[in-house]
Amino acid sequence: MIWEVFRQERPGEYHAHCGNVHAPDRELARQFAAIQHGRRKPTNSLWVVPRDEIGEIDAEDVAFGGTTDKSYRWATTYSTAGADASEVAESEDDQADAEQRRGES
Amino acid sequence: MNLETVRARAGPRAFSPADDLPEEYREAATRMIEFHANSEIMGAYLERPFIRQAPSIDRKLAYSAKVQDEIGHGQLLYRAAESLGVKSREEMLEDLANGDGKFLNCFHYPMESWVETPMIAFFVDGAAMRRQATLRRTSWEPYAHAMDKVCFEEGFHVKHGEDILRELMTGSRKERRLTQEAFETWWPRIIQFFGPTDDRSTHHDFAVSVGLKQRSNDELRNAFLDQYIPKARNYGLEIPDEPRIREREDGTYEVEEGDLDWDEFFTVAKNEYEPGREQIRGRRTAQEAVQWVREAIERDGAAGSHAPRAAD
Chain A
1 MIWEVFRQER
11 PGEYHAHCGN
21 VHAPDRELAR
31 QFAAIQHGRR
41 KPTNSLWVVP
51 RDEIGEIDAE
61 DVAFGGTTDK
71 SYRWATTYST
81 AGADASEVAE
91 SEDDQADAEQ
101 RRGES
Chain B
1 MNLETVRARA
11 GPRAFSPADD
21 LPEEYREAAT
31 RMIEFHANSE
41 IMGAYLERPF
51 IRQAPSIDRK
61 LAYSAKVQDE
71 IGHGQLLYRA
81 AESLGVKSRE
91 EMLEDLANGD
101 GKFLNCFHYP
111 MESWVETPMI
121 AFFVDGAAMR
131 RQATLRRTSW
141 EPYAHAMDKV
151 CFEEGFHVKH
161 GEDILRELMT
171 GSRKERRLTQ
181 EAFETWWPRI
191 IQFFGPTDDR
201 STHHDFAVSV
211 GLKQRSNDEL
221 RNAFLDQYIP
231 KARNYGLEIP
241 DEPRIRERED
251 GTYEVEEGDL
261 DWDEFFTVAK
271 NEYEPGREQI
281 RGRRTAQEAV
291 QWVREAIERD
301 GAAGSHAPRA
311 AD
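Which chain is which? The protein sequence lines are A and B, in order. Going by this note's numbering, the first sequence opens with residue 1, and the numbers climb by one from there. Going by this note's numbering, the second sequence opens with residue 1, and the numbers climb by one from there.
Keep in mind the hints are simulated off the structure, nothing from the lab. Careful, some of the hints might be misleading.
[Stated by the list, open to error] Cross-link-like lysine-lysine pairs, in silico, BS3-like; alpha carbons within 30 Å at most:
no.	chain 1	residue 1	chain 2	residue 2
1	A	Lys70	B	Lys60
2	A	Lys70	B	Lys231
3	B	Lys60	B	Lys149
4	B	Lys149	A	Lys41
5	B	Lys149	A	Lys70
6	B	Lys60	B	Lys231
7	B	Lys60	B	Lys270
[As the list claims (entries may be wrong)] Examples of chain A residues lying across from chain B (beta carbon under 7 Å, computed):
no.	residue
8	Leu28
9	Phe32
10	Tyr72
11	Ala85
12	Glu92
13	Asp94
Quick caveat, the model's predicted, so the values are computed rather than measured. Every residue, glycine too, gets a C-beta built ideally from N, C-alpha and C.
Using the sequences plus the hints, can you model the full thing?
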């Protein structure tokens, strides 16, 4: 049985997928995950999940983000006057970054 | 974990559902996040009629996207609140419908005209974002994670709201006059967004001591004024004489708290302000009207049925 492993490096961060392990049950999956994925890189917590329990939907099934022009959804579309609040500027930068990377794929 | 340990360990994203947390922490966090979630929902209902009233197709698309986002933020926050184990999502939504759920003062006031929309979409959202940016460092990890996504999306809302204000304030003389009038009506409520001054705030000290809140009401209100007074003036809005606002020597601002109507604020906060009760009833009626949709979705889900589609 295959268990997918998600590692969180520090408290408060997101658990990100980092690999998988073979194990007959949850207890051994946790131990194997700790050994295989929790030793070398900084680790605060691991999640182990039976692969069969994971639902997947990919870019062949669906056009993520849709197929229509949604530029009205981005802060970058609106040109306003004067310096923006730092958190608004940060949000706009993150959106510009996401928009660009979506365009690349 | 006892309260002393919580205080000692309190820091950004310090506590997760894996931790055994004392009742006091879980209740305070639930109250705070439930209030936030309710506010997202009630704000969306306040703005929803303006999807229909938007003056152009571009505005209609953007406004509809924004309202959809706010409902999504509500859902994220109910999840973050539910993970504290005090109240279920159903209980919180039920309380909101029956008038027990509390939410932001600004969303108790009716909004009747398009010129009012930037008062919410720019100033209230701008105020909310000031606060939400600091909550990315809250001690309840699921709340902080929700704030990551909310802040990512919210920049568009604020910029779009500002764009509406820019358009109105560069429009006809009548548009400028009506926008100024709307601003004068909303300005005191917007300042009260941040709640009463620190020494009258009921829950502030506890929330800070366990890391739920990062900044005080006063600090946030002043940070808002510093950023948004220049913005308002930039578009030709005149700041009303009351409440009096003092400019410090370093160019930052402070409001004379006594000039604001705190009796009305606390009436609003208790859901006893009649126009606010109308907002609550309006949402409940809308919920009942679309009950058949929820039932259809549940029936459909139970049957197994079709492949899911990503939200378009």
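The hints, checked one at a time:
1. Lys70(A) - Lys60(B): Holds - the C-alpha atoms of lysine 60(B) and lysine 70(A) are around 12 Å apart, at most 30 Å.
2. Lys70(A) - Lys231(B): Roughly 27 Å separates the two Cα atoms, so the pair holds.
3. Lys60(B) - Lys149(B): With a Cα-Cα distance of about 23 Å, the restraint between lysine 60(B) and lysine 149(B) holds, given a limit of 30 Å.
4. Lys149(B) - Lys41(A): Holds, at about 26 Å.
5. Lys149(B) - Lys70(A): Holds. Lysine 149(B) to lysine 70(A) sits at ~18 Å (cutoff 30 Å).
6. Lys60(B) - Lys231(B): Holds: lysine 60(B) and lysine 231(B) sit about 24 Å apart, inside 30 Å.
7. Lys60(B) - Lys270(B): violated (33 Å)
8. Leu28: For leucine 28(A), the interface hint is violated, since the closest Cβ of chain B sits about 20 Å away, which is over 7 Å.
9. Phe32: violated (20 Å)
10. Tyr72: holds (4 Å)
11. Ala85: Holds, about 5 Å.
12. Glu92: For glutamate 92(A), the interface hint holds, since the closest Cβ of chain B sits about 5 Å away, which is under 7 Å.
13. Asp94: holds (5 Å)
Checked against the numbered hints above, the structure violates hints 7, 8, 9; every other hint is satisfied.
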